[in-house]
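Undergrad: Residue strings, one per chain:
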Amino acid sequence: MSTSQALSVTSLKGEVTALVVDDDKVSQVIHHHLLNILGIENHVVGNGKEAVEIHLSGKKFNLILMDRDMPVMNGIEATKKLRDMGIRSTIAGVSSHSVSQERQAFIEAGLDDYHEKPLSVAKLLSVVSKIMHKA
Amino acid sequence: MLESLFSTPKICQFKATSSFVTPHTPLSLNRQGTTGMEVGQMQRRLVEFTKSLFMEGFLDGQFLQLQQLQDESNPDFVVEVVSLFFQDSEKLLNDLTLALEQQNVDFKRVDAHVHQLKGSSSSIGAQRVKNACVVFRNFCEEQNLEGCMRCLQQVKQEFYLVKNKFETLFTLEQQLVAAGGSIPTMEITSF
Chain A
347 MSTSQALSVT SLKGEVTALV VDDDKVSQVI HHHLLNILGI ENHVVGNGKE
397 AVEIHLSGKK FNLILMDRDM PVMNGIEATK KLRDMGIRST IAGVSSHSVS
447 QERQAFIEAG LDDYHEKPLS VAKLLSVVSK IMHKA
Chain B
-11 MLESLFSTPK ICQFKATSSF VTPHTPLSLN RQGTTGMEVG QMQRRLVEFT
39 KSLFMEGFLD GQFLQLQQLQ DESNPDFVVE VVSLFFQDSE KLLNDLTLAL
89 EQQNVDFKRV DAHVHQLKGS SSSIGAQRVK NACVVFRNFC EEQNLEGCMR
139 CLQQVKQEFY LVKNKFETLF TLEQQLVAAG GSIPTMEITS F
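Chains as they are written, first to last, in the working numbering: chain A, 347 to 481; chain B, -11 to 179.
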């Protein structure tokens, strides 16, 4: 049984939308596909500034997967900015930093959840289940 | 309270499940003109080769995650993602080489490149490349130029090694599919 078949029971089609914020193309493709498989309509941008701009254009998302290290505007700045803008979406920080102080700084910027890269099906499911319970 | 759910599966055993080769008619030719036995042999060769990649540390559990995301609606997902990785990383390695050749090496910039390479290699499960990046970053932090140059060589070596392995893997898969077989799913049977 493929992952998409196994996960069809948790079909979230139309219920949850997501924004992937990551400058690495490989991560973008993987996260985009992971979300697609869960039936989550998602948009992909390449840095924090683009994430802020897409919200300024009026778009809203249930879930934001925020990478930490990005050019132009990084994940910490972008998270702070979005929270200042009043965005209450679930923001899950995704990073390859394992040092606790760096993790703490990111979390304190306004994250709802934090996961270490690389993201897996299991990690993403745990993030999504939090959104469902929030609602 | 936020928790990090980072987990590294320790791969100890493998089981390949394949139920599409019928052992009862080994001598009957299929449409492609290959016997059931030949397809079976190809499958075994693919499984053994894939196993060796894990045993030798070239790949880790993250690669299995990628394979799980491949299905009938995205039949080339793994090849596409891996190809993207090699394209992007080749450029990163060139940037790294240039950065280390500068009169005044900007170690922060070098570190940023290595960090990116570490991230993308770990997202496709290229464990040895990722590990080489970890060592590289230590030398960046120390601003040790000689150490960095050695690490760059090491990273390049691991990069080309795993690229070669992937090319072989995808060729074996292609041949198997062309012969009428399907790619067996690898399972981790113990963590």
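One thing to keep in mind: the hints can contain errors.
Distance condition first, Cα-Cα at most 20 Å in a straight line; then the derived EDC-like pairs of lysine to aspartate or glutamate [claimed, not checked]: (1) A:K395 x A:E361; (2) B:K153 x B:E44; (3) A:K371 x B:D83; (4) B:K153 x B:E89; (5) B:K96 x A:E399; (6) A:K406 x A:E396; (7) A:K405 x A:E387; (8) B:K39 x B:E161; (9) A:K371 x B:E134; (10) B:K79 x A:D369; (11) A:K371 x A:E361; (12) A:K371 x B:D76; (13) A:K371 x B:E129; (14) A:K371 x B:E44; (15) A:K371 x B:E68; (16) B:K144 x B:E89; (17) A:K426 x A:E387; (18) A:K426 x A:E399; (19) A:K476 x A:E448; (20) B:K96 x B:D83; (21) A:K426 x A:D458; (22) A:K476 x A:E387; (23) B:K79 x B:D64; (24) B:K96 x B:E44; (25) A:K406 x A:E448; (26) B:K96 x A:D415; (27) B:K79 x A:D458; (28) B:K96 x A:E454; (29) B:K144 x B:D64; (30) A:K427 x A:E387; (31) A:K427 x A:E454.
Take a look, some chain A residues computed to stay more than 12 Å from chain B by CB distance [claimed, not checked]: (32) V362; (33) S373; (34) H379.
The set of hints was computed from the structure by calculation and includes no laboratory data.
From the three backbone atoms N, C-alpha and C, an ideal C-beta is built for every residue, glycine too.
Undergrad: Hint by hint, say whether it matches the structure.
TA: Evaluated hints:
| no. | hint | verdict |
| --- | --- | --- |
| 1 | A:K395 x A:E361 | 26 Å, violated |
| 2 | B:K153 x B:E44 | 11 Å, holds |
| 3 | A:K371 x B:D83 | 17 Å, holds |
| 4 | B:K153 x B:E89 | 30 Å, violated |
| 5 | B:K96 x A:E399 | 28 Å, violated |
| 6 | A:K406 x A:E396 | 13 Å, holds |
| 7 | A:K405 x A:E387 | 13 Å, holds |
| 8 | B:K39 x B:E161 | 14 Å, holds |
| 9 | A:K371 x B:E134 | 30 Å, violated |
| 10 | B:K79 x A:D369 | 15 Å, holds |
| 11 | A:K371 x A:E361 | 26 Å, violated |
| 12 | A:K371 x B:D76 | 8 Å, holds |
| 13 | A:K371 x B:E129 | 26 Å, violated |
| 14 | A:K371 x B:E44 | 27 Å, violated |
| 15 | A:K371 x B:E68 | 12 Å, holds |
| 16 | B:K144 x B:E89 | 16 Å, holds |
| 17 | A:K426 x A:E387 | 24 Å, violated |
| 18 | A:K426 x A:E399 | 14 Å, holds |
| 19 | A:K476 x A:E448 | 23 Å, violated |
| 20 | B:K96 x B:D83 | 13 Å, holds |
| 21 | A:K426 x A:D458 | 12 Å, holds |
| 22 | A:K476 x A:E387 | 17 Å, holds |
| 23 | B:K79 x B:D64 | 23 Å, violated |
| 24 | B:K96 x B:E44 | 32 Å, violated |
| 25 | A:K406 x A:E448 | 28 Å, violated |
| 26 | B:K96 x A:D415 | 13 Å, holds |
| 27 | B:K79 x A:D458 | 35 Å, violated |
| 28 | B:K96 x A:E454 | 25 Å, violated |
| 29 | B:K144 x B:D64 | 26 Å, violated |
| 30 | A:K427 x A:E387 | 24 Å, violated |
| 31 | A:K427 x A:E454 | 13 Å, holds |
| 32 | V362 | 18 Å, holds |
| 33 | S373 | 5 Å, violated |
| 34 | H379 | 6 Å, violated |
Violated hints for the displayed structure, listed by number in ascending order: 1, 4, 5, 9, 11, 13, 14, 17, 19, 23, 24, 25, 27, 28, 29, 30, 33 and 34.
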